[in-house]
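Please model the complete structure; the sequences and the hints are all you need to start from.
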Amino acid sequence: MAYQVFEEGGFSVIHLSGEIDLSNSPDVRRLVLDTLAQDRNSLVDLSAVTYIDSSGVASLVEGYQTARNRGLRFGLVNVSAAALSVLQLAHLDKVFPIQPSVQAFLGSDA
Amino acid sequence: MAAERLFEMRLAARPDRLRLLRCTLRDAASLAGLASDEVERVVLAANEACMNIIQHAYKDQADGEVVVEAIDNDVDLELRFIDFAPPINASACRPRDLGDVRPGGLGTHFMQEVMDEVRYSRLEADDGNCLVMKKYKNK
Numbered sequence: 001m002a003y004q005v006f007e008e009g010g011f012s013v014i015h016l017s018g019e020i021d022l023s024n025s026p027d028v029r030r031l032v033l034d035t036l037a038q039d040r041n042s043l044v045d046l047s048a049v050t051y052i053d054s055s056g057v058a059s060l061v062e063g064y065q066t067a068r069n070r071g072l073r074f075g076l077v078n079v080s081a082a083a084l085s086v087l088q089l090a091h092l093d094k095v096f097p098i099q100p101s102v103q104a105f106l107g108s109d110a
Numbered sequence: 111m112a113a114e115r116l117f118e119m120r121l122a123a124r125p126d127r128l129r130l131l132r133c134t135l136r137d138a139a140s141l142a143g144l145a146s147d148e149v150e151r152v153v154l155a156a157n158e159a160c161m162n163i164i165q166h167a168y169k170d171q172a173d174g175e176v177v178v179e180a181i182d183n184d185v186d187l188e189l190r191f192i193d194f195a196p197p198i199n200a201s202a203c204r205p206r207d208l209g210d211v212r213p214g215g216l217g218t219h220f221m222q223e224v225m226d227e228v229r230y231s232r233l234e235a236d237d238g239n240c241l242v243m244k245k246y247k248n249k
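Chains A and B, in that order, give the protein sequences.
For the record, in the first sequence the residue sitting at position 66 is 66 according to the working numbering, with numbers rising by one throughout.
Here the working numbering runs 110 ahead of the position in the second sequence, where the first position is 1.
Please note that a few of the clues may not be correct.
Stated by the list, open to error - Label-pair distances were calculated between CB atoms; the ranges are:
#	chain 1	residue 1	chain 2	residue 2	range
1	A	R30	B	Y246	23 to 29 angstroms
2	A	A48	B	S231	39 to 45 angstroms
3	B	N183	A	K94	32 to 38 angstroms
4	B	N183	A	A2	38 to 44 angstroms
5	A	A2	B	E234	32 to 38 angstroms
6	A	G9	B	G209	40 to 46 angstroms
7	A	P26	B	E179	26 to 32 angstroms
8	A	S47	B	D147	15 to 21 angstroms
9	A	S47	B	S231	37 to 43 angstroms
10	B	R129	A	S101	28 to 34 angstroms
No lab work stands behind these hints: they were computed from the structure.
Just so you know, even glycine gets a beta-carbon here, dropped at the ideal spot from N, CA and C.
Structure below.
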């Protein structure tokens, strides 16, 4: 798993790539929570995620809940087919704000 | 066709070994004739099963081992996971309410949702646990 964080439209965008499993999901969790701890609205770009398991999903859920508790915006963008199928299996595709791109998210009211 | 053992692997019960299982099983499930989308779901279920063993059976101790077998039974793909940990509480291995959005607890749901059979037992010698999961073909 690799990542990049950049700023776009007032959001911190966390771009993840590769496989997210129990060996690296604690890193994802820390990355997301550290970004939110800076009071940054945050988006996670999953376009290059080729696999994600329940521990990776849990990191995203924790980010979502932390953002809500802090009054911040949080969502997922560019969700790959592999990641989306897992979110659907977890019935979380209707819970997370999901948009096809950062620009689309900025234009939404999510 | 007689049952065919596609692979048997003995893994260290560590998070950084999960990828090895996924790569091997991906090929085996394809060989067994599962469709590509089903292959990925079975790989996810197996990953979750192994993850549960690491986290809950061995409680993240680094020296545990897991034996994984994949058997093509013609009508189904059978996966066996054997660990050598203390007894688990099989009745606690149930999916949680997904309406309760919170981190964790999704692995058992994935296993039950993807696989057609999920069965836990204690090894006869009482020195470990066995999880058998089956995915029927042509469903």
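Check the structure against each numbered hint from earlier and tell me which ones fail, lowest number first.
1, 5 and 6
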